Amino acid sequence: MAQDAAGAVGARVSPQVDSLIRAAQGGDQDAFEQLVRTYDQSVLRLAMNLLRSPEDARDVYQEAFLRVYRNLHAFRFDCSFHTWLYRIVTNICLDQLRKRKVRKEESPTIETSEGPIDRMDSFEEESAHADPERSLWNLQLKQRIEIALEDLTPRERMVFELRHYQGLRLRNIGEMLGTTEEAAKNCLFRATQKMRAVLGDFT
Amino acid sequence: MTCDSILKLVPLYYYGELTPDEEERLEEHVHGCPACTLELARQRALAAALDRRQIVAATMLLEDCRSDLMAAIQGGAPRVEPSVKGAWRLFLNAMAASWNGAAGSGIARLRQPVGALALIAIGFFAARMISTTAPPSSPSNDDVYSTVRSVQPDHAGGVAISLDETRHKVVKGSMNDGNIQRLLLVAAHEDNPAVRVESVDLLRSQSGSTEVRDALLNVLSADSNAGVRLKALEGLKPLAGDSEVRKTLRRVLLTDDNVPVRMQVIDLLVANRDDNMVGVMQGLVQKENNNSVRLKLEKALRDMNASIGTF
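The listed protein sequences correspond, in order, to chains D and F.
End of the first sequence sits at 204 in this note's numbering; the numbers just go up one at a time, nothing left out.
End of the second sequence sits at 400 in this note's numbering; the numbers just go up one at a time, nothing left out.
Quick caveat, the hints were computed from the structure, so don't treat them as lab data.
Being a predicted model, the structure only gives us computed values, none of them experimental.
Treat the hints loosely; a few may be bogus.
Claimed, not checked - Footprint (simulated), chain F over chain D, 3 or more residues, beta carbon under 8 Å:
1. 16-25
2. 39-47
3. 80-89
4. 141-152
Unchecked claim - If you want the ones that stay clear, here's a sample from chain F, every Cβ over 10 Å from chain D, calculated:
5. 118
6. 121
7. 126
8. 142
9. 147
10. 157
11. 243
12. 275
13. 294
14. 296
15. 356
16. 395
Idealized CB from N, CA, C, for every residue including glycine.
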């Protein structure tokens, strides 16, 4: 299970982050830049994992941090900065996912003269295997995972992403998405059930 | 606990989301139930399969995002619509930066876009007027756009309108066609920065020609719009080892006031290490005001096994 450093930081605002926020609120550009650098890697990873497109992830990054920049003065420390930031990020990502559901576009694969390939192949962590049988198995698994994820509702997808890949607690996730911990639990359960149904042979 | 209730708790157990009490009861049940043991094993297998899918964002992408953001903030750019992408977004960002720069550096930077917009506006209205009143002898297939220079009423109740007429023409051809390339070289110096950015973008593929290389270097050194300069830099990427190109890159690194341009120049320079470069970067890192550029310089020096300070 993936864990997230910024997520852990966010659960309890460190005094360092706290002072960066206050300095940035006072107009200190360097402090704002440092604040961005504390969280931006996990924001970009979330956007990439959800949207599977570097261009869209880049748009989410820009949009999210510009909103933070414009609204930071209104941050009152009544929740953690991480939660506040992720409310913005998850809203933007959910909008994008919902638009995609409506448009039925942005498939994770693109058609080429040599058949469909994964948009994100160049970003995959794992390099091509020398063993062709293993490669084929990996390819099939990857395709099935994409199908399974496409089958989730935007909200199920988001809860799963935040819990599994970003390592956030369901209580925090509920807070970010404006819902209860119980609703987040139900979402996670539905998401895993749906995925297991599609990935049955592989797991 | 029944097997049915365990089923719902398995994912939560795996993610450590149960209370210690629930956890204990689940473990107790699973211990004596092969079906639920299998259920738990399947949950672990699913999670392991999904772990393989995790994407690691390329460092370059993160760096690009950071410089885009800082450029937008420093340039006071309006919110960039997510649907606006690629060269156009770059152009919008650069336009925003140019307009902001105009406030500090006088009217010079403002003149070009304002002049171009005014001409386009006048041209648009004049063209509408002319298209309805054009004499029958005018060529009917080509649109005519005009810039009105003066309007002078005469004593006989008439009016003399002085205008420059521009005939609209479409020239098509391959990028390998010499005429097309020459037209693009001219277009790379047009008043309208949108035309410049498109032309430079197209010329990038021809950077092997000396004429195009010189034009790109010229654009990089002299164009007032950062978006156009960034396009020229992309075109110069394959030539980053060329001594003439490196000379210009060094100068741009020291003089250009746009952060994304300086960041891009650093990338190009470090792709081909030379000792002169190390000295220039060591000198610059001491006086660079922008945090992103300074960090990038420091990283570049570390990557080249060079010390960050000069001694």
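Going down the list of hints, with the structure as the test:
1. Counting residues of the stretch 16-25 of chain D whose beta carbon lies closer than 8 Å to any beta carbon of chain F gives 0, which falls below the threshold of three, so the coverage claim is violated.
2. Counting residues of the stretch 39-47 of chain D whose CB lies closer than 8 Å to any CB of chain F gives 4, which reaches the minimum of 3, so the coverage claim holds.
3. Under a criterion of three residues with beta carbons nearer than 8 Å to beta carbons of chain F, the stated coverage of the stretch 80-89 of chain D fails, only 0 such residues being counted.
4. Counting residues of the stretch 141-152 of chain D whose CB lies closer than 8 Å to any CB of chain F gives 3, which reaches the minimum of 3, so the coverage claim holds.
5. Remark: the non-interface label on residue 118 (chain F) is consistent with the geometry, its nearest Cβ contact in chain D lying 18 Å away (cut-off 10 Å).
6. Interface exclusion of residue 121 (chain F) from chain D stands, the closest Cβ pair being 23 Å apart, more than 10 Å.
7. Every C-beta of chain D lies more than 10 Å from that of residue 126 (chain F), the closest at about 15 Å, which supports listing it as non-interface.
8. The claim that residue 142 (chain F) is not at the interface with chain D is violated, since a C-beta of that chain comes within 10 Å of its own (minimum 5 Å).
9. Residue-level check failed: residue 147 (chain F) sits 6 Å from the nearest beta carbon of chain D, not beyond 10 Å.
10. For residue 157 (chain F), the requirement that its beta carbon stay farther than 10 Å from each beta carbon of chain D is not met, with the minimum near 6 Å.
11. The Cβ of residue 243 (chain F) lies farther than 10 Å from every Cβ of chain D, with a closest approach of about 56 Å, so its non-interface assignment holds.
12. For residue 275 (chain F), the requirement that its beta carbon stay farther than 10 Å from each beta carbon of chain D is met, with the minimum near 32 Å.
13. With a least beta-carbon separation of about 21 Å from chain D, residue 294 (chain F) lies farther than 10 Å from that chain, consistent with its non-interface assignment.
14. No beta-carbon of chain D is positioned within 10 Å of the beta-carbon of residue 296 (chain F); the least distance is around 23 Å.
15. Distance check on residue 356 (chain F): its Cβ is at least 17 Å (rounded) from any Cβ of chain D, clearing the 10 Å threshold; non-interface status holds.
16. The beta carbon of residue 395 (chain F) is kept farther than 10 Å from every beta carbon of chain D, the shortest such distance being approximately 24 Å.
Of the hints listed earlier, those the structure fails to meet are numbers 1, 3, 8, 9 and 10, in rising order.
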